[in-house]
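Novice: For reference, the chains in residue letters:
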Amino acid sequence: MKDGIYCLEAEGKLRAIPVSPKTQPAQLKDVVGQKVEILYSEPTSFVAGLLVGGRIPILCYFPRDPDLSVVDEGARATLAKQFLNEGVLSQENYKKLVG
Amino acid sequence: MKPAPDNFQSRPLPKSFVIELTKRCNNHCLYCYMAEGPSSQDCDHDRSSELNTKGITDIIAKLCDEAPVQSIALSVGEPLLREDLPEILSFIQNKGISAVIITNGTLLTGERLASLGTKVTYEITLLSYRREVHDRLAGRRGAWDAVVDAMANVRQAKGTLVAVFVATKLNSADVSKTTELAIALGASGLMYNRMNLGAHNIRQADRLLPTAGMIRENLDALEELSGRYQLPVAASVAIEPCVIDTRKYKQIHFGWCPLAGEESYFTIDPRGNVRICNHSGVVLGNLKQDRFTDIYYNHPYVRAFRDTWPVECEGCDPELKAICCGGCKASAEQCYGTLARVDPFVTISQQVH
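Residue numbers (this note's numbering), protein chains in the order written: chain A, 1 to 99; chain B, 1 to 353.
No lab work stands behind these hints, which were simulated from the structure alone. Only a predicted model underlies this, so the values are computations on that prediction, with no experimental measurement involved. Cβ atoms here follow ideal geometry from the backbone N, Cα and C, with glycine treated the same way. Take the hints with a grain of salt, since some may be wrong.
Quick list of in silico lysine-lysine cross-link-like pairs, PhoX-like style, CA-CA up to 20 Å [claimed, not checked]:
1. K81/A / K95/A
2. K95/A / K158/B
3. K248/B / K62/B
4. K288/B / K250/B
5. K81/A / K177/B
The following label-pair restraints were derived from C-beta to C-beta distances [to be verified]:
6. R11/B / K35/A: 41 to 51 Å
7. E86/A / D6/B: 49 to 59 Å
8. R140/B / V32/A: 32 to 42 Å
9. K35/A / D294/B: 44 to 54 Å
10. G12/A / R112/B: 28 to 38 Å
11. K35/A / R112/B: 36 to 46 Å
12. E66/B / E92/A: 22 to 32 Å
13. E217/B / K35/A: 42 to 52 Å
14. K29/A / R207/B: 48 to 58 Å
15. E319/B / E92/A: 35 to 45 Å
16. E36/B / Q34/A: 51 to 61 Å
17. P318/B / E92/A: 53 to 63 Å
Chain A on its own, in the form it takes in the complex (with noise of 0.2 Å):
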């Protein structure tokens, strides 16, 4: 905690973390200190979900942007797998989303 705001030290430089809506500040104080991880992430605007001792993560935003989340990978690729099967999605899709 830096200055009254939650930090996440990633990549070398100290960085806000701004949570979602669903979640509180109050949360991260479980994570001061520990070495956490990511689950996700993108080199600009990534959202990341902090896994902390196999409870539910903590989502974050980088920058903050409230209308994005993680959606489980388990669950896309298998709501893939059933577009396949009815031939909503293409074969050549298909492979581009679960390659």
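Got chain A; can you put chain B on it based on the hints?
Specialist: Below, chain B alone, put in the same frame as chain A:
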């Protein structure tokens, strides 16, 4: 009792803007909300009146000089018809501004995607999981196939994708399965927009405007899907709470009119004209010669837009009024020619029920 202080002149400047790069479009969507309707993609008159690359980037630079710009949405009709889109996008990104491309998706081939990159959010309209329904609403054959290809391309490139579902009578029954298809295609969020009425599409209201019952069923389904898949769902076109009580939906984010305040998204058209939002047809000035801050703080229309309440809202529950801020005044103005009437969606919905 003293009146509340009027903070009009001291309100913060907006951070988000919409830049309409062209009025031309290769789709012919039945529900198109543009006041004049879309021009065809080959309309030479509209093409020649569009600002060129330098004209657009000059306006963006001017906006950045005057306002704390954080995000720009490139939109309407179809921005991918502009061949200079990569240059415009780079200019925006080099200023550290986040960008969104609002597109019908049909021109977002793998090659175009490579030229635009993945540091931008793609907002792509998916009207149905059924090819024939999407194509009918989009006004041409082949649109659905191109959209699904585009979304899969974005997903493969690890780009950020938000799916947009425009609810009409023709596709409201498809919302659940279409949302699941969007998730399969990699969407990080879903925007649910009920059809918004304007001067052009009001003629289609009987045929296309979804009823309150249809929208309620859609919201019930989306509330469940959002929780099940952890998919953020936003309804950005106002669903006035006097028609449907939106307070019971905890998963869905409802957008309300920002009333020309800090959260507003003033819109600049392809000629540099400024409007209060993308739904409004009223031109307030032109950024080639006018300062944005002059328009924002001093244009009498801007204050009138904020302060005018629809007469139909006079007896409304104050709690509901505080939520909806008078609904979509821009839609009312397009259809009735005045800000003092309520959104025609409200009028029509109440007539039906």
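Novice: All hints, please: hold or fail.
Specialist: Outcome of the hint check:
For the proposed pair K81/A and K95/A, the alpha carbon gap of about 10 Å is at most 20 Å, so the pair holds. For the hint pairing K95/A with K158/B, the CA-to-CA distance comes to about 14 Å; that is within 20 Å, so the pair holds. For the hint pairing K248/B with K62/B, the CA-to-CA distance comes to about 42 Å; that exceeds 20 Å, so the pair is violated. About 43 Å separates the Cα atoms of K288/B and K250/B, which puts this hinted pair outside 20 Å; it is violated.
With a C-alpha separation of about 14 Å, the suggested pairing of K81/A with K177/B holds against the 20 Å cut-off. For the pair R11/B and K35/A, the supplied restraint of 41 to 51 Å holds, since their beta-carbon distance comes to about 43 Å. The hint said 49 to 59 Å for the Cβ distance between E86/A and D6/B, and at roughly 58 Å that hint holds. A C-beta distance of roughly 55 Å is found between R140/B and V32/A, which places it outside the suggested range of 32 to 42 Å.
Separation of K35/A from D294/B is about 52 Å and conforms to the stated range, judged on CB atoms against 44 to 54 Å. At roughly 35 Å, the beta carbons of G12/A and R112/B sit within the given window of 28 to 38 Å. Restraint check, K35/A to R112/B: a C-beta distance of roughly 40 Å satisfies the suggested window 36 to 46 Å. As the Cβ distance of E66/B to E92/A is approximately 47 Å, the hint placing it in 22 to 32 Å is violated.
Against the hinted window of 42 to 52 Å, the Cβ-Cβ separation of E217/B and K35/A comes to about 46 Å, which satisfies the hint. Against the hinted window of 48 to 58 Å, the Cβ-Cβ separation of K29/A and R207/B comes to about 55 Å, which satisfies the hint. The hinted range of 35 to 45 Å is not satisfied by E319/B and E92/A, whose Cβ atoms lie roughly 52 Å apart. About 57 Å separates the C-beta atoms of E36/B and Q34/A, a value consistent with the hinted range of 51 to 61 Å.
The hinted window of 53 to 63 Å between P318/B and E92/A holds, with their beta carbons roughly 55 Å apart.
Against the hints set out earlier in the document, violations occur for numbers 3, 4, 8, 12, 15.
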